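*Asks:* Residues per chain are reported as follows:
8 protein chains.
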Amino acid sequence: MRDLLQRVADGDISPAAAETQLRGYVTGEAGRFDAARVARTGIPEGIITDGKTTAEVAALALDAVAATGRALVTRADDATTTAVTEAVADEFPAATIDTNPRAGTVVVHASDFERPDLDASVGVVTAGTSDAGPAGEAAVVAREMGLVVDRIDDVGVAGIHRLFDALERLREPDVLVVAAGREGALPTVVAGLVDAPVVGLPVSNGYGHAGAGEAALDGMLQSCTPLSVVNIDAGFVAGAQAGLVARAVAAGRSEE
Amino acid sequence: MRDLLQRVADGDISPAAAETQLRGYVTGEAGRFDAARVARTGIPEGIITDGKTTAEVAALALDAVAATGRALVTRADDATTTAVTEAVADEFPAATIDTNPRAGTVVVHASDFERPDLDASVGVVTAGTSDAGPAGEAAVVAREMGLVVDRIDDVGVAGIHRLFDALERLREPDVLVVAAGREGALPTVVAGLVDAPVVGLPVSNGYGHAGAGEAALDGMLQSCTPLSVVNIDAGFVAGAQAGLVARAVAAGRSEE
Amino acid sequence: MRDLLQRVADGDISPAAAETQLRGYVTGEAGRFDAARVARTGIPEGIITDGKTTAEVAALALDAVAATGRALVTRADDATTTAVTEAVADEFPAATIDTNPRAGTVVVHASDFERPDLDASVGVVTAGTSDAGPAGEAAVVAREMGLVVDRIDDVGVAGIHRLFDALERLREPDVLVVAAGREGALPTVVAGLVDAPVVGLPVSNGYGHAGAGEAALDGMLQSCTPLSVVNIDAGFVAGAQAGLVARAVAAGRSEE
Amino acid sequence: MRDLLQRVADGDISPAAAETQLRGYVTGEAGRFDAARVARTGIPEGIITDGKTTAEVAALALDAVAATGRALVTRADDATTTAVTEAVADEFPAATIDTNPRAGTVVVHASDFERPDLDASVGVVTAGTSDAGPAGEAAVVAREMGLVVDRIDDVGVAGIHRLFDALERLREPDVLVVAAGREGALPTVVAGLVDAPVVGLPVSNGYGHAGAGEAALDGMLQSCTPLSVVNIDAGFVAGAQAGLVARAVAAGRSEE
Amino acid sequence: MRDLLQRVADGDISPAAAETQLRGYVTGEAGRFDAARVARTGIPEGIITDGKTTAEVAALALDAVAATGRALVTRADDATTTAVTEAVADEFPAATIDTNPRAGTVVVHASDFERPDLDASVGVVTAGTSDAGPAGEAAVVAREMGLVVDRIDDVGVAGIHRLFDALERLREPDVLVVAAGREGALPTVVAGLVDAPVVGLPVSNGYGHAGAGEAALDGMLQSCTPLSVVNIDAGFVAGAQAGLVARAVAAGRSEE
Amino acid sequence: MRDLLQRVADGDISPAAAETQLRGYVTGEAGRFDAARVARTGIPEGIITDGKTTAEVAALALDAVAATGRALVTRADDATTTAVTEAVADEFPAATIDTNPRAGTVVVHASDFERPDLDASVGVVTAGTSDAGPAGEAAVVAREMGLVVDRIDDVGVAGIHRLFDALERLREPDVLVVAAGREGALPTVVAGLVDAPVVGLPVSNGYGHAGAGEAALDGMLQSCTPLSVVNIDAGFVAGAQAGLVARAVAAGRSEE
Amino acid sequence: MRDLLQRVADGDISPAAAETQLRGYVTGEAGRFDAARVARTGIPEGIITDGKTTAEVAALALDAVAATGRALVTRADDATTTAVTEAVADEFPAATIDTNPRAGTVVVHASDFERPDLDASVGVVTAGTSDAGPAGEAAVVAREMGLVVDRIDDVGVAGIHRLFDALERLREPDVLVVAAGREGALPTVVAGLVDAPVVGLPVSNGYGHAGAGEAALDGMLQSCTPLSVVNIDAGFVAGAQAGLVARAVAAGRSEE
Amino acid sequence: MRDLLQRVADGDISPAAAETQLRGYVTGEAGRFDAARVARTGIPEGIITDGKTTAEVAALALDAVAATGRALVTRADDATTTAVTEAVADEFPAATIDTNPRAGTVVVHASDFERPDLDASVGVVTAGTSDAGPAGEAAVVAREMGLVVDRIDDVGVAGIHRLFDALERLREPDVLVVAAGREGALPTVVAGLVDAPVVGLPVSNGYGHAGAGEAALDGMLQSCTPLSVVNIDAGFVAGAQAGLVARAVAAGRSEE
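Residue numbers (the numbering used here), protein chains in the order written: chain A, 1 to 256; chain B, 1 to 256; chain C, 1 to 256; chain D, 1 to 256; chain E, 1 to 256; chain F, 1 to 256; chain G, 1 to 256; chain H, 1 to 256.
What the hints contain is simulated information worked out from the structure, not anything from laboratory work. None of these values were measured; they are calculated from a predicted model. Virtual Cβ for every residue (Gly too), placed ideally from N, Cα, C. Among these hints, one or two may not hold up.
Said to hold, decoys possible - Between beta-carbon pairs, the in silico distance windows are:
1) E:Arg151 x G:Asp77: 28 to 34 Å
2) G:Phe113 x F:Phe113: 47 to 53 Å
3) D:Arg7 x F:Glu168: 40 to 46 Å
4) D:Arg7 x E:Arg40: 50 to 56 Å
5) F:Gln6 x H:Arg169: 30 to 36 Å
6) G:Pro101 x F:Ala55: 41 to 47 Å
7) F:Ala39 x E:Arg151: 43 to 49 Å
Said to hold, decoys possible - Partial chain A-side listing against chain G, Cβ under 8 Å, derived:
8) Asp50
9) Glu56
10) Asp117
11) Leu217
12) Asn231
13) Ile232
Excised from the complex, chain A in its bound form (with noise of 0.2 Å):
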């Protein structure tokens, strides 16, 4: 310990770097930022916006990059993308700053920062055009995981040739998400043709009855096909469950 904080001492390593080290999370001012569970199951700690002020979004996207070198945000709307990205441009002007306006993403790494690759693919699967903003957020999250990512899109069950024109490309990644809004039929109707575990992701389209992706959740839960699911719109738990199951099959792979 006296030598992370020699290293404190020196400035080889923020003091919220250190705290993180020392006791798993680093307290700011807008709230607190979890860095040992990052470190435990690769998955980025997302700051979602829903709830937050723009202030404090940007102030706990400087904390997560300070703490592991890092930030990701999910929800962005323009006011608080710019927001985030000033912000870091004035406090890491070294950082690259990845934004996504279809999904909502704003991605920072530290200039010392380095993704890890892992030897895995997740596939994220589209009905169509609407689904893009949560099947984004997913592959985003899978991305930051390390993972290979295969976008398949507009492969909806209403003309079921487009799924079947896609098959091989829906068989080779060692997992699938699979977004769908309206019905929602389309993780069962692939869950049935393939051998990868499928992770249902139900997009809030829709409208009238059950709409606003309630029919789409409700069928995915109701799926003759086994599937597993997340609520709705909620990429970045698909894109992080899916993560988990390529990283466990990277870490199979890899060992002797």
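Position chains B, C, D, E, F, G and H against the provided structure of chain A, taking the given hints into account.
*Replies:* Relative to chain A, chains B, C, D, E, F, G and H alone:
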């Protein structure tokens, strides 16, 4: 009218049948039985057992036979089936009685009743064994309306090759009733493969959240491919609606 | 196929239209557009605006015109309508554009597009002024499928004499779409008076408990007279389903 | 008060009736029974069986007879009916007992009880046979309040000519209770045809989505014609509310 | 009828008013306006703004004034109020216009319109300040029906002494509308203290689970004391239903 | 610890009780039984019968007696009560067993068990006879925690004078549990009249929409007067929470 | 009373304060303000902004200050905060105003107002940054009741070591309010670790199915460890209920 | 193929098994049984009893044994278990039958069936005794897929030390199924402590609002720590999904 009354006086026609012709409905002790609608639409008036006593159901069945030459009881359990059968045997010894325990139906034809015979067909499709009840009810209704009925069973989406093996038969009927429980995706997939109208029939299997057919109903209402829907387990309604469609097609065919 | 490719080379047909004929769908930047289904069912593929950006909608509309000679955008607000109109005017200056703000639709016909013309009719019935949106959407779809459309407005059940004044017109079409909000009783009453199939279209007016169309949907699903139902405000689906029925009737009529 | 106590001492009046007069309610072993309210509103206090043991119901019935000369038990099954009947026969051998299995009611009148007789009428209307239970309960309550009750049965909206045949009778009562299950449209249509206040009584038949009376309740709450509503199967409440209205009319009539 | 047409020819009566007298309703561009029902029940036909454009509302208001001498717009925001006011001022400069922003109502009387004047009263009771909107709507409707209206405000159950201070006033009207949000207990308590019929009016305040008036509606439907209920925020319906009751009482009073 | 093990060796203490003291919980065949929490909070660990077999309940009861000298079974029907009683009589013949069929509880005290005796009181209030089950469960739990319990019954809001007659008793306890079904308004009214904390206990009577206690729960969550709530029929939780409050008050009293 | 009136005459006390002392509540133009209840329970009457206009809130705040020397506005946005602040500054220039934008509260103390000072403490615990609003509201209420408040933040269950680091502080207060959104598990875990009563405060973050706090509420109602619950975001209620408990403990402490 | 038919001719293989190999599924009288999917995914096709008659279940079990050498019946009550056992004993006397009443499963292995044996493990964790049913079902499925299964029971969050005592065992399996009812917080807490993927399995205990597993499902969907979920009581699905994950890990391990 005098003619009619004369026939009543001569015993050629029952008072109930006469009242039916004069007022459009007949009033028995257990309720009214609507005959004009039967004549206009060809849909036999179903006597649903819910909320009625066994005795009331049997009485209504007798009224129906007296007024229109036919009775159709739905959701009949063993006790009701026996009660209706005995009452009919007693009152109309020459009538034929057709019971279907899996569909929960009892169909009675007076000795002189002639079922219509129309030049159009209804396909009744099921996803699995547990859809047999409501699908059977739909098939009985369509058949009573005089249509050709084709049952196409066990073509669930979980193993989608089953569906493609049946594709030719699915494309033949003039209209389809597609029954499915659980996630209820079958009507969506079928409607994407045929060009006839599809009536989705959600079935009350499934369990847990959105069980008892709710997920199936939700999914059909949100279907990406256009289809219309009836209530959960509403086999009678699905059969009648498909029957009306096929009837209109048959009428088109018979026009010159 | 060589023939087709030659026509592409000669500029007689766009690459999109050629891909459409070869694969059944065309892939643009904003998503895939399914053309085979259009050909089989006669239903124009609707481009629904929910969950898509304005730019994505406009791009999909261009793809649709290129692939099938027609585009149908639904739930279009003013901004989307303008964006689509401008994009089409730019890319297909000879196309005709038909916008309907109350129905929220934009219909584009390429200069050489010919709408089918079928010998069957769809009645579109409303209970009141606030049903105009979804009912209009249904009428547009049925008309695009080549059917004769009759609008019968303001025949709500609250003042039932209005309904009887319209009875003759209600009994003429081959199939009816009946739109109603609030308690949604109109389809039930109409279906008891006509012998054509009725498709109930619940509308999202109404307020408080079971508002936003839920009561109307519930009532139609529980209707005492057989009818089938589509989701709340699903004018496109109702129009397409009624269109499929009328199309089958027209096919019957044209058989010899 | 001394006078009252003297009558207790003389055995002219039971202690329960005396307590009732003094405190407004009487406390038995099974609970309290409110008499002041009965006196003020004319509504007999209903002893609902839900959540009580058979013994508790019988005990409360005896308390009611002792305190107010009358007992009204609702939702009574056969076992409860027998228990109440036997307890009353034992304790008040001169009382008259009126049981109605279809309505689920037991009405007890002490030998000296005189039902009021008011100059106003309540119409109780049903859509079909399965509305008989709650409608019967409503009729019993209104009758016990001293009103003239007219039962108008089987006037469902599916065959609307039935309704018009009954129009004159529907326009006679001072207030109407209209019971309906399934889609529950009858009160809406009736209220559009009469000028008396209508109390909608949703009935728990119907099945599948929004079954068990929910669709009927929803529809009545959203009715296009003004009416008020009670809970599903709340025949007692509907009868009491209609009774209060008719009572007010009768009071108006008797004013000079 | 010739007489009527002569008056149209002479300009003594508008074509709309004439159509109204002949057919019972008038058809303008924005919809139909029912006048026969107004005459029969005394309830002014409310023009609810939900689901209509501002222009449609204004047009319907003009139709209403032309046909019945009065217009009643509900749920009017500032823009609608202005549009109606301007349209009326333009078309019927001699009309009187009464706007009530808290109740969201606009009432227009043609110069020769005479509101009825009935010998009965409606009490409109609120639990708190935030019930003012729907309660105000109810009061306006009852007043337009010609009844005496008494507003009794701020008698919530949380501080029950407020209620008892108002007890005498609560016992005077012939019928009560009791508005309450949150837990909605006020109608239950009031109905236990008065002998007039009570119409519960749930109000959409409250938050979180069962907020927006659902808890209030639920509680009123389950009330231990008999009362009837209207939908959440349905001030118009509550006022009309109470008005019908009071009208019946007034009729009783005026009988000889 | 050696001392403890010596006592086990000497048979002064059972192995289960020793394990309890050492680990804080004891593991039997039917599950684990937590004793540390009992010691800390004074709340006996309730053995709820839902989802367990009768044999499992009896086994857990024996574990509880062995580990803490006491068992408290809730929601016990007759079969469970008998099974527990027999198992205890067999294993702990000197134990006292207290069964309460209305509350559904079985309480077992080992011969040497001494219930605590605290200087604070809990009032348990019911609106009517059908609240007796959950209210009884709450009373049993509070009593087992060592508190003085006062039952105040039948003070429903429908006849509010009953409530005022009980006002003095309502103001005495240190904390109140107020049980109510139907519209559940009693806790709101009571909390407006006393200054002790009120725990609302919704009861699953009531029927139709929002029946089975949902309306009562909704109303208590929306209460205008501050109170906290437990789940429907959660008598155990209400009693335990009130017990914790009273225990804290008693602790305050015993501080010097 | 004459003494009081003399003080009014002398200007020593406002008419509002006098009315408050005489009747228990004061009636301003915007509604009634209950003061007796404040005196009895120590809970300041919260002026909730929902369903009221800004002007009504400001008027009620002035009434509150006049009547009880204090005003507490909750759910105040910026506009309301400004309106209240300006109105108070105008009318009571010597008052102190304490605004808390994150909690949405405005607290006004008249110059001579003295907050009580009680010997008991309330812990207010949050799971994360987005619980700050309702938790802050609870803390303000408890503080205004005169209690010591300890805020313990960011102890969510996802990283459970954070919770154990805070265990000592969690065990100190006499009662805890535990705020949590999403799955809302924190109160369950905390209540298993402390012996004080826990009031669960569900927070309306979370998204998709059972979002907006419903999952948190559901989980707290089903908690395995006994706790009581308030509605979603009901910080005022949680603070007041915890305040009542702590007040009772303080009273116990001050008894001799 | 001729080879296969020769083996059928020789009686080495049943016609059912041959059809299975040729078409991928076998059609018996009670429905179709899918074998290709079993081969691809390793998940035995579960024969769920819901919605099927006992005879249908037994027939499907025989088909399954004939086609794949194994049958797995789930949700079997005593009658079904007996029917299956007897049918199998009759038809396949050499088969082994393994029944598990607590899990509701019947597993049949033909005499020559060999269960796979994979190098990966699934942990099945329960919160309490009443989770045993669905957890047992999950364990059976995972075992049939050839995985090592570790049951870790009674580690509920209410007494969180139980959880920490099991921490090492929780961290060993390659994937975890975590079953919990009531508030369902266990998967959230566990997923915060391990680095393997967690599949949450909500269990239908719990009562009152959000009972029957809904609160548990809601909480898992909203979990702060990433996890995926299956439907309430969907032990089969959870076991199959965890099995697919472990199978992928085992495949990774066996790659070179």
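*Asks:* Would you mind marking each hint as holding or not holding in the structure?
*Replies:* Comparing the hints with the structure gives:
Distance hint check: the CB atoms of arginine 151 (chain E) and aspartate 77 (chain G) are about 30 Å apart, consistent with the given range 28 to 34 Å. Checked against the given bound of 47 to 53 Å, the beta carbons of phenylalanine 113 (chain G) and phenylalanine 113 (chain F), roughly 52 Å apart, stay inside it. Judged by the Cβ atoms, the range 40 to 46 Å given for arginine 7 (chain D) and glutamate 168 (chain F) is violated: they are separated by roughly 30 Å. Distance hint for arginine 7 (chain D) and arginine 40 (chain E): a CB-CB separation of about 53 Å, consistent with the stated range 50 to 56 Å.
Separated by about 32 Å at the C-beta atoms, glutamine 6 (chain F) and arginine 169 (chain H) satisfy the suggested range of 30 to 36 Å. A hinted range of 41 to 47 Å is violated for the C-beta pair proline 101 (chain G) and alanine 55 (chain F), which are about 58 Å apart. Distance hint check: the CB atoms of alanine 39 (chain F) and arginine 151 (chain E) are about 59 Å apart, inconsistent with the given range 43 to 49 Å. This hint holds: aspartate 50 (chain A) has a C-beta 6 Å from the nearest C-beta of chain G, less than the 8 Å allowed.
The interface hint given for glutamate 56 (chain A) holds, since its Cβ lies 6 Å from the closest Cβ of chain G, which is under the 8 Å cut-off. A hinted interface residue such as aspartate 117 (chain A) counts as satisfied when its beta carbon comes closer than 8 Å to some beta carbon of chain G; here the least separation is about 26 Å, so the hint is violated. Evaluation of the leucine 217 (chain A) hint against chain G yields a held restraint, the C-beta minimum of about 5 Å falling below 8 Å. For asparagine 231 (chain A), the suggested interface contact is upheld, since its CB lies about 4 Å from the closest CB of chain G, less than 8 Å.
Taken as an interface hint, isoleucine 232 (chain A) checks out: its beta carbon lies about 3 Å from the nearest beta carbon of chain G, inside 8 Å.
Hint compliance for this structure: hints 3, 6, 7 and 10 are broken, all remaining hints hold.
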